[in-house]
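Between the sequences and the hints, there should be enough to build the whole structure, so can you do that?
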Amino acid sequence: MIHKYSIDGMNIVLDIYSGAVHVVDDIVYDLLDFYKEIPNDELIEKFKEKYEIVQIEEAIEEIESLEKEGLLFTEDAYVDYLTEFKNRNPVVKALCLHVAHDCNLKCKYCFAGEGAYKGSRSIMTKEVGIKAIDFLIEASGNRRNLEIDFFGGEPLLNFELVKEIIEYARSIEKEHNKNFRFTITTNGLLLNDEIQNYINENMHNVVLSIDGRKEIHDKMRYTKNNQGSYDLILPKLKKMAESRKQQNYYVRGTFTRENLDFAQDVIHLADLGFQQISVEPVVAPLEMPYALREEDLPVLFNQYEVLAKELIRRNEEGQAFNFFHFMIDLSQGPCVAKRLAGCGSGSEYLAVTPEGDLYPCHQFVGLEDFKIGTVFEGITNHELQKQFQDCNVYAKEECRSCWAKFYCSGGCAANAYQFHKDIHIPYKIGCELEKKRVECALYLKAKLAGL
Amino acid sequence: MKHVKTLNADTLKKSMSKGGCGECQTSCQSACKTSCTVANQSCENN
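One line per chain: the protein sequences are A and B, in this order.
Position one of the first sequence corresponds to residue 1 (our numbering), numbered consecutively onward.
Position one of the second sequence corresponds to residue 1001 (our numbering), numbered consecutively onward.
If you're looking for bench data, these hints aren't it; they were derived computationally from the structure.
Some clues are possibly wrong.
Derived SDA-like pairs (lysine to any residue); straight-line CA-CA distance at most 20 Å [what the hints assert, rightly or not]:
1. B/K1005 - A/L451
2. B/K1018 - A/R143
3. B/K1013 - A/Y17
4. A/K421 - B/K1013
5. B/K1013 - A/R400
6. A/K68 - B/K1014
7. A/K219 - A/E287
8. B/K1005 - A/D329
9. A/K4 - B/M1016
10. B/K1005 - A/E287
11. A/K4 - B/K1005
12. A/K86 - B/K1005
13. B/K1018 - A/H204
14. A/K86 - B/M1016
15. B/K1005 - A/R143
16. A/K68 - B/K1005
17. B/K1018 - A/L330
18. B/K1014 - A/W403
Facing chain A, from chain B, some residues (calculated, C-beta under 7 Å) [stated by the list, open to error]:
19. H1003
20. V1004
21. T1011
22. K1013
23. M1016
24. S1017
25. G1019
26. E1023
27. S1027
28. A1039
29. Q1041
No residue lacks a Cβ here, since even glycine has one placed at the ideal position from N, Cα and C.
Structure follows, in structure tokens:
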């Protein structure tokens, strides 16, 4: 399987099963449409009016050579590998700890319903937090690197517990041959020097929520007094980013139908000096006025191109920044096993509620049918665990034939469930946006490589 | 080659031989939390 596209006159061809990426001229780009369908002499006949025969012959030779080297039209070699992979014993290696089902903001688009996740507001106890660490150590088998993300609601509302959990995990990691990596996702409102220093000393990564331009941010993210939060958080977020030397953090925003020109929000964040930026599409029920619709896709596609071109320009001017969704590690990226498995929700990755209940991920919290166990009893719903473990790209009809399957790894199970009540049917708008992001990311890579 | 410039070779296929250790970061822990973004993760073995 191949996928080919052009952006701004650059022709890019992906060989899906080998992972190869090529930049080709117009002749090869045209020939590839028919190369597998008709013999070479007919191919020459077809294009001889448009290109010189000698050029066509040369291009065909190059295509043949790539095919022989396993860099074009490579066959799917992963079906047998998948069977072996599916028989692995599942281990849990990452937990999203909901230390507070409460929030000090009431963002309009919050999937967690102001932090309460369809339940009542609550705070995780020390007993649950400690038990979650014990559960992870036991359920992780031989995996050494373990991750804990402190999430909410707003995790800084329960920061004392965050510190106690970290202290406990650090005190026992060596004896169990584990290496904990901690991250925190916060709206920044409660950040101060003391918390900032603690985070910098103890957290591998920090995700700071901000949507972009003040008017955009304040329309969605406001305090309990209906006051926009932009001015309250911006100085704290800037300080945090600087204190981490612009590394190992993200400012993370959400764009909605109310700012379809979201590239301007990314650029705004870059202009503020942030160098690690993630701005993502809202996932919301279609009846919400701010939900993205299929008819918005052409505008959004264009925005990703605008952003890619802006990144190229800023790179040339020495003002580069990272846009999370354009970062693709071609040479040292994830292995095919990880790409087949996807995000690992429900198998390698679980969310823990303040009460100690386990769910396949933070987005399933509150959906009672998806409760998979507790930190006290471990995983009890093994049938559900198996469903998630088997939910790989080859288990999804639409993903099998999609060129982007090894980049997105089958998409988000929670989004699939939200729109189709089935974790195996991908959320279409999400897929279309992901495909465009991959195209732009590879275009950006090729441009920066001087091709 | 005159008509083709290769940006990346067959790294995906080659990763079959050494992959699957599972020591890498869980993708949703990195920054997204609402979308599945796997290809930008790094391999711990490189």
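Hint-by-hint comparison with the structure:
| no. | hint | verdict |
| --- | --- | --- |
| 1 | B/K1005 - A/L451 | holds (7 Å) |
| 2 | B/K1018 - A/R143 | holds (16 Å) |
| 3 | B/K1013 - A/Y17 | holds (7 Å) |
| 4 | A/K421 - B/K1013 | violated (34 Å) |
| 5 | B/K1013 - A/R400 | holds (17 Å) |
| 6 | A/K68 - B/K1014 | holds (16 Å) |
| 7 | A/K219 - A/E287 | holds (18 Å) |
| 8 | B/K1005 - A/D329 | holds (18 Å) |
| 9 | A/K4 - B/M1016 | violated (25 Å) |
| 10 | B/K1005 - A/E287 | violated (46 Å) |
| 11 | A/K4 - B/K1005 | holds (14 Å) |
| 12 | A/K86 - B/K1005 | violated (36 Å) |
| 13 | B/K1018 - A/H204 | violated (26 Å) |
| 14 | A/K86 - B/M1016 | holds (14 Å) |
| 15 | B/K1005 - A/R143 | violated (39 Å) |
| 16 | A/K68 - B/K1005 | holds (16 Å) |
| 17 | B/K1018 - A/L330 | holds (16 Å) |
| 18 | B/K1014 - A/W403 | holds (19 Å) |
| 19 | H1003 | holds (5 Å) |
| 20 | V1004 | holds (5 Å) |
| 21 | T1011 | holds (5 Å) |
| 22 | K1013 | holds (5 Å) |
| 23 | M1016 | holds (5 Å) |
| 24 | S1017 | violated (9 Å) |
| 25 | G1019 | holds (3 Å) |
| 26 | E1023 | holds (5 Å) |
| 27 | S1027 | holds (5 Å) |
| 28 | A1039 | holds (4 Å) |
| 29 | Q1041 | holds (5 Å) |
Of the numbered hints given earlier, the model fails hints 4, 9, 10, 12, 13, 15 and 24; all others are met.
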